[in-house]
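Student: So the protein sequences, as listed, match chains A and B. Positions 1 to 76 (the numbering used here) are the ones given, in order, by the first sequence. Positions 1 to 692 (the numbering used here) are the ones given, in order, by the second sequence.
Read the hints as simulated data drawn from the structure, not as lab findings. One or more of the hints may lead you astray.
To be verified - Here are the simulated lysine to any residue pairs, SDA-like style, with alpha carbons at most 25 Å apart:
# : chain 1 : residue 1 : chain 2 : residue 2
1 : A       : 30        : B       : 299
2 : A       : 30        : B       : 308
3 : A       : 30        : B       : 275
4 : B       : 650       : B       : 629
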Amino acid sequence: MLLRLPKIGMEMTEAVLASWLAEDGAIVSKGQALYEMETDKVTNEIESPAPGRLRQIAEQGVTYQVGDPVAEIVET
Amino acid sequence: MTATAPDDATFLRMFDTMALIAATDDALRSAISAGSATLAYYSPRGQEAVAAGFAAALRPDDYLVTTYRGLHDQIAKGVPLRPLLAEMLGRAAGTGKGKGGPMHVSWPDVGLMLTTGVVGSGLPIAAGLAWAASRQVGGEGEGEAEGRVTVASFGDGATNIGAFHEAANLAAVWGLPVIFLCQNNGYGEHTAFADHLRVEHVAQRAAAYGMPGVTVDGNDPVAVYGAVAEAAARARAGEGPTLVEAVTYRLFGHVFGDRMTYVDPTELEEAWKREPVARFHRTVVERGLLSDAEAAAVEENCATIAVATLAEVLELPEPEADEVLTDVVAPAAPRETAPASKAPASKAPASKAPASKAPASKAPASEGHPELSVRSAITLALDEALSGDPRVVLLGEDISDNGVFGVTKGLAAKHGANRVRDTPISEQAIVGAAVGAALGGLRPVAEIMFMDFLGLCLDQLANHAAKLRYMSGGLTPVPMVLRTAVGGGLQVGAQHSQMLEAWLTHVPGLNVVVPSTASDARGLLASCIADEDPCVFIEQVVLLSRKGAVDDTPVPLGVADVKRPGADVTVVTYGRQVHDAIAVADALSSKGVEVEVLDLRSLVPLDEAAVLESVGRTRRAVILHEAVVTGGFGAELAAGISEALFGRLKAPVLRVGALAAPLPYARGLERLALPGPDRLLEALEWVMAYES
Numbered sequence: 001m002l003l004r005l006p007k008i009g010m011e012m013t014e015a016v017l018a019s020w021l022a023e024d025g026a027i028v029s030k031g032q033a034l035y036e037m038e039t040d041k042v043t044n045e046i047e048s049p050a051p052g053r054l055r056q057i058a059e060q061g062v063t064y065q066v067g068d069p070v071a072e073i074v075e076t
Numbered sequence: 001m002t003a004t005a006p007d008d009a010t011f012l013r014m015f016d017t018m019a020l021i022a023a024t025d026d027a028l029r030s031a032i033s034a035g036s037a038t039l040a041y042y043s044p045r046g047q048e049a050v051a052a053g054f055a056a057a058l059r060p061d062d063y064l065v066t067t068y069r070g071l072h073d074q075i076a077k078g079v080p081l082r083p084l085l086a087e088m089l090g091r092a093a094g095t096g097k098g099k100g101g102p103m104h105v106s107w108p109d110v111g112l113m114l115t116t117g118v119v120g121s122g123l124p125i126a127a128g129l130a131w132a133a134s135r136q137v138g139g140e141g142e143g144e145a146e147g148r149v150t151v152a153s154f155g156d157g158a159t160n161i162g163a164f165h166e167a168a169n170l171a172a173v174w175g176l177p178v179i180f181l182c183q184n185n186g187y188g189e190h191t192a193f194a195d196h197l198r199v200e201h202v203a204q205r206a207a208a209y210g211m212p213g214v215t216v217d218g219n220d221p222v223a224v225y226g227a228v229a230e231a232a233a234r235a236r237a238g239e240g241p242t243l244v245e246a247v248t249y250r251l252f253g254h255v256f257g258d259r260m261t262y263v264d265p266t267e268l269e270e271a272w273k274r275e276p277v278a279r280f281h282r283t284v285v286e287r288g289l290l291s292d293a294e295a296a297a298v299e300e301n302c303a304t305i306a307v308a309t310l311a312e313v314l315e316l317p318e319p320e321a322d323e324v325l326t327d328v329v330a331p332a333a334p335r336e337t338a339p340a341s342k343a344p345a346s347k348a349p350a351s352k353a354p355a356s357k358a359p360a361s362k363a364p365a366s367e368g369h370p371e372l373s374v375r376s377a378i379t380l381a382l383d384e385a386l387s388g389d390p391r392v393v394l395l396g397e398d399i400s401d402n403g404v405f406g407v408t409k410g411l412a413a414k415h416g417a418n419r420v421r422d423t424p425i426s427e428q429a430i431v432g433a434a435v436g437a438a439l440g441g442l443r444p445v446a447e448i449m450f451m452d453f454l455g456l457c458l459d460q461l462a463n464h465a466a467k468l469r470y471m472s473g474g475l476t477p478v479p480m481v482l483r484t485a486v487g488g489g490l491q492v493g494a495q496h497s498q499m500l501e502a503w504l505t506h507v508p509g510l511n512v513v514v515p516s517t518a519s520d521a522r523g524l525l526a527s528c529i530a531d532e533d534p535c536v537f538i539e540q541v542v543l544l545s546r547k548g549a550v551d552d553t554p555v556p557l558g559v560a561d562v563k564r565p566g567a568d569v570t571v572v573t574y575g576r577q578v579h580d581a582i583a584v585a586d587a588l589s590s591k592g593v594e595v596e597v598l599d600l601r602s603l604v605p606l607d608e609a610a611v612l613e614s615v616g617r618t619r620r621a622v623i624l625h626e627a628v629v630t631g632g633f634g635a636e637l638a639a640g641i642s643e644a645l646f647g648r649l650k651a652p653v654l655r656v657g658a659l660a661a662p663l664p665y666a667r668g669l670e671r672l673a674l675p676g677p678d679r680l681l682e683a684l685e686w687v688m689a690y691e692s
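One chain only, chain A, in its complex shape (with noise of 0.2 Å):
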């Protein structure tokens, strides 16, 4: 499962991905804090939509357009 930058909240349009909460290969469940992206408003802890192995592509310290690929989720 592929996962992109989401939107959070009416106006939100990019983010920095702040840091990563769970290491790259990491074997990650359903709900588990995946990353924590900052706009100018808020930060917010991206939780992950499903069980598997996470494959990191996002950097930290980057910014990121709504939509952009962030993870991967594979299935283990």
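Fit chain B to the known structure of chain A by using the hints.
Tutor: Chain B only, in chain A's frame:
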């Protein structure tokens, strides 16, 4: 009396409903996290038991009005998942063709008549639906909906808004079959209950309106079922409204992404321990209705359905581009109803201005009343509508006792106080109840005593009456009329005198009508009542005593009328200023200037073709209206004329209207502020003398 304890089958149905709500919520939140769905999402997680409980206690044909945190209510009432999710994601297959969105789901098939994005605004509309349903009892109306109740679902935050209080009072005074169901989830947006109310329970507020108020555990569907079943039984028995407060909790905050930093973590932890789906899972197992594994299988099955439906919906197309202008108003009807003498081909409305249906047929009346005042002509139109169509009802302040200007004189005595119904002084409730009554199949004609009070009810008019057809993709039109008076010229001061038509013409979905003669007043009002969309009918009080011949020629909306022909310059006007324009035109005629006076009659739909035909011919235009010039409807007309006829005009288009001040009281000042014949004459002479 309805049983207030659910049977085993109802237990299972409520569990299934709760599981489907939780599963759908989970699927949506997952899709948002994964970036595949982008919507502002107001999760109802934690409130499943309220929805499952109230819906199980209702009949399928009972009405529901809910609010933007409404997914649980919508699922529980039976809205199919596919069109529901498609609407939330803006797809053409959505309940509103993707034009309403997650905050605006309607599905009349299961009684869901409204989801509103405005806190509290659904309550007056629910009262109107309940009125419509109660009028259908006994066959005086359509007769098929005996004993139908209406549930208005809202949060604790909504109980601080005027609409709650006006609707609760109206419903109590009228004894309406409505259940006000407050889902007290602890927060109004980000403000905790204790910080926005000083009462311990919302239900205490019922005492202020003389209705029963009960507080139940909103995390227990059995408790909610019992309270709602009892309230429904009261309503069906004609015993009026009930306020039911279901105390629950909003587990994921206000909107997706809300970090709930304003919530004590211990409070949230405790709330999760009372989470209703797991709790009711244990209940159905303990009652021996399902084994633990069977209950888990129900939840698993719901998850499969929710995930699969959402995946399917994500692949569906968005609405086609041509949907952007459909469902604003009813599709244009064929024009054969327009009288040939009044509507030659050149005067047909512009294609984007929909033609309205002709007034409902009625007995010929011309020989009985050749000469009537505008007041009597309006009374006649109301009387004819009440006689000719059992769906027509009137509501407003003091209307059974003649009304403040005598316009509704005798109608209550003739048609009954239930059809010509007095209201409390509650403008929001009046207009909201009219919206609801229209949704429920009636043809309400509401009265707001003075147009200046529009601000008290503008949300109902502009956010609801005007938009509900569009936001539902055509499922919920609002055929209602709002009559309102304007006192300019009577020395009644700045709060009883304003022509505010420009506020209304700016809102797509509203028709706006201003008659100038008795015959037009009768014909236009009949057309408004027959129209499939909301119409505002503006009555200038100074005009009410003006007499004129009344004939039976229908006056469709969107057809202007040349009140005086002329070749040299056109005065585009409406309402009482038509008569000023004719007087000035007569005076100028002796000086060899022939002025054409074009009476628009309806501003929306606008007879653009008639304006352009006349000004195209005379090549000069002056616009005259009573309203303040700045930002007035005249600006729209001047722009339209300039855009279409720039090269043909011999002079700039001038506007004549009120000066930009609150209308003063003193006689001389009021006269100065309003646009009298002098200023029109001056403008006409300037335009005639203009040389480029």
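Student: Run every hint past the structure and note whether it holds.
Tutor: Each hint tested on the structure:
1. A:30 to B:299: holds, 16 Å
2. A:30 to B:308: holds, 17 Å
3. A:30 to B:275: holds, 19 Å
4. B:650 to B:629: holds, 22 Å
Going through the hint list in order, the structure satisfies each hint without exception.
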